[in-house]
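A.B. asks: Listed below are the residues making up each chain.
Protein chains: 4
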Amino acid sequence: MDKRAKILAAALKLLVEQGFHSTPTSAIAKAAGVANGTLFHYFKTKDELILGLYADIKKDSLRKILQGIEGQQSVKAKVKTIWYNSINWSITEKEKHNFKQQFMHSPYATQLSQEDLEEELKLFSDMIKEGIEKKILKDIPIDLIYHITHYQMLAIVSYLNLNPHLIEDADFYELAFELFWDNIKRV
Amino acid sequence: MDKRAKILAAALKLLVEQGFHSTPTSAIAKAAGVANGTLFHYFKTKDELILGLYADIKKDSLRKILQGIEGQQSVKAKVKTIWYNSINWSITEKEKHNFKQQFMHSPYATQLSQEDLEEELKLFSDMIKEGIEKKILKDIPIDLIYHITHYQMLAIVSYLNLNPHLIEDADFYELAFELFWDNIKRV
Amino acid sequence: MDKRAKILAAALKLLVEQGFHSTPTSAIAKAAGVANGTLFHYFKTKDELILGLYADIKKDSLRKILQGIEGQQSVKAKVKTIWYNSINWSITEKEKHNFKQQFMHSPYATQLSQEDLEEELKLFSDMIKEGIEKKILKDIPIDLIYHITHYQMLAIVSYLNLNPHLIEDADFYELAFELFWDNIKRV
Amino acid sequence: MDKRAKILAAALKLLVEQGFHSTPTSAIAKAAGVANGTLFHYFKTKDELILGLYADIKKDSLRKILQGIEGQQSVKAKVKTIWYNSINWSITEKEKHNFKQQFMHSPYATQLSQEDLEEELKLFSDMIKEGIEKKILKDIPIDLIYHITHYQMLAIVSYLNLNPHLIEDADFYELAFELFWDNIKRV
DNA sequence: CATGAATGAGGATTCATTCAT
DNA sequence: AATGAATGAATCCTCATTCAT
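Protein chains in written order, with my numbering: chain A, 559 to 745; chain B, 559 to 745; chain C, 559 to 745; chain D, 559 to 745.
One should not assume that every hint holds.
Note that the list lumps identical chains together, so a pair holds whenever it fits in one copy or between two copies.
The list that follows gives simulated cross-link-like pairs (lysine-lysine, BS3-like), each with its CA atoms no further than 25 Å apart [to be verified]:
#1 K687 with K634
#2 K617 with K652
#3 K693 with K602
#4 K680 with K561
#5 K692 with K588
#6 K617 with K693
#7 K602 with K622
#8 K602 with K634
#9 K571 with K680
#10 K693 with K658
#11 K696 with K561
#12 K617 with K696
#13 K692 with K617
#14 K561 with K636
Treat the hints as calculated values from the structure; they're not laboratory data. In this text the structure is predicted, and so the values were computed from the model without any measurement.
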């Protein structure tokens with residue numbers, strides 16, 4: 559692992575544990591095993607480090623979420639794959655998930671471009687559109703469906719973190735997905 | 559308005575705008591129209607101010623959310639009242655809602671007691687239990703229903719903030735509630 | 559006990575325990591059972607309180623030290639009385655003794671007038687002069703004898719505080735006085 | 559002189575002049591010609607600076623006090639060497655002496671370990687023991703002799719500071735030592 | 001006399017950032 | 001590229017003192 563990666567890894571751990579402002583860059587450098595100044599060689603400012611970390615995490619998240627979607631035929635199967643991948647990523651990459659949540663609810667979020675915010679929506683809007691056209695999904699605005707979906711997944715992640723024994727329980731995922739599907743499917 | 563209230567009001571405004579750590583206590587005092595030391599006369603530390611503000615906001619939120627629930631007969635009417643009150647509070651008290659969200663995703667949240675975290679759940683669990691027993695709601699864990707409900711409301715609030723013209727649209731609330739009701743009602 | 563006395567008593571206790579600058583006037587007022595402002599009604603400033611406390615303590619010390627000296631005939635008996643009274647006062651009024659020591663080694667000491675500093679010396683100089691003239695004491699400067707005497711007593715007080723079991727031991731006082739007497743008596 | 563030494567030198571001067579609590583760290587840094595933060599780079603807290611200064615001064619004092627003692631044969635010659643070295647150090651290093659006195663009479667002194675307090679006693683106890691065994695010194699507890707000796711030296715230092723013309727007067731030192739010697743020698 | 005809320009200057013400490021090596 | 005000593009602005013908090021009641 560090169561120094562840049564070491565710094566990012568240390569930053570992720572400490573920023574999530576202690577919060578953005580309560581984590582000095584010196585602590586990050588120390589945890590990364592590099593000198594104080596080295597951190598600023600790779601990231602011009604602390605903000606750049608945090609924004610860079612967010613970008614890295616988001617890229618990682620999107621990549622993992624889309625895995626296996628190509629092989630799926632039906633809209634429901636595609637949605638299920640994404641739904642499962644999302645929750646799986648948030649559980650296995652708990653620190654990254656927490657970082658994202660903390661980031662999105664901090665003043666840093668205002669620095670994100672419109673484009674950035676809508677990136678995820680765009681990836682899924684074709685699939686949602688297809689679902690609506692095929693009368694599988696409710697005929698409501700695409701971004702409303704996206705919103706509901708996103709928060710449904712957050713609900714399940716939060717619930718799993720409070721009930722960790724369910725993480726390995728395949729039945730629970732089935733149940734949770736069907737709950738969610740009732741929410742958006744056309745009746 | 560007494561000085562304590564002035565300080566809390568100024569704190570709410572600034573903390574939401576600039577974030578917890580980027581808001582100096584001096585700025586809060588100035589905005590409240592009191593001397594620097596006065597803030598510390600009412601709140602021993604900045605943390606105590608933030609925790610105190612959270613407690614105040616939570617109390618306000620719970621009070622408003624429960625309004626009018628006594629008059630409702632059916633489980634669905636009760637749930638609808640709470641659902642509507644919640645969203646209404648989050649929209650009309652946008653700053654307070656944002657503060658709560660930022661607070662819950664910050665390291666401050668870890669300072670909350672278990673009791674504190676479950677307070678809202680407890681208030682609603684009887685109603686949820688009644689719904690399950692009467693075969694109106696799905697037969698799944700109470701706290702799972704609570705979780706889903708909570709996040710559904712967050713989704714709608716977030717969606718309304720992105721589409722402010724819908725805030726006055728009664729039809730949208732009907733639509734959104736029915737969506738949500740599909741999610742938890744027994745089929 | 560009136561409020562002024564209560565304040566002085568509380569000040570003595572806290573100032574000795576925590577030091578002059580680490581003891582807020584608010585803590586003194588609280589310990590004295592009076593309001594913050596009341597302290598400043600009796601003492602215009604914190605410095606005035608400390609100086610006033612010193613003055614009180616010094617007066618108390620001098621009064622006790624001179625007790626019973628009138629009844630003594632010989633120079634040695636007079637010196638012994640003073641020597642014993644001094645040590646006794648420092649042991650029984652330990653807090654006052656410690657306050658005096660801390661005061662004398664602090665920058666406050668520079669605020670004392672020359673007169674103030676020499677008051678004790680003057681009280682004893684006649685006795686010392688008599689001792690020298692009667693060839694009982696060594697023929698060395700009066701203030702040197704006074705200095706040596708003063709520090710001898712401090713030595714014994716310090717030693718007694720480290721060995722508290724000797725405080726009740728009359729033999730020890732005899733021994734200690736003879737040691738000291740060897741120091742200043744003419745041979 | 560490196561920055562750490564510059565800070566210690568400035569601290570010594572200012573702390574003695576103005577007292578521990580009346581001397582801001584900013585004033586020390588300024589006097590040392592370094593930035594405010596630099597002081598905290600070398601000393602984590604103001605307390606650590608003061609404790610560190612005390613440790614340095616004590617080391618310096620002990621080193622100077624023991625100089626030349628190896629060459630002395632008799633117990634009296636050894637004691638005289640130490641007595642003279644001690645007074646000499648206190649007079650030439652007046653600021654350090656005053657710092658030590660102020661420190662020992664402040665609440666900082668309670669932070670010293672038992673070991674720390676007894677270090678000087680231990681250095682001299684062999685010599686005192688030898689003196690008692692050879693029937694040169696009075697047969698009284700070793701630590702009592704040490705106490706008396708220590709305070710005798712303080713008395714002379716205090717006297718010399720009030721009478722500076724005697725500092726160069728070799729006869730005075732002879733006189734003062736003989737006075738002291740009468741105090742502890744066996745008769 | 002007594003109170004205690006209010007003040008605001010002052011001080012210890014932190015920390016992002018720079019830069020000479 | 002890497003280091004870590006050095007910087008000084010920024011911030012939390014303290015506390016002597018005032019004053020309206």
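A.B. asks: Provide an ascending list of the numbers of those earlier hints which the structure does not satisfy.
C.D. replies: 3, 4, 5, 6, 7, 8, 9, 10, 11, 12, 13 and 14
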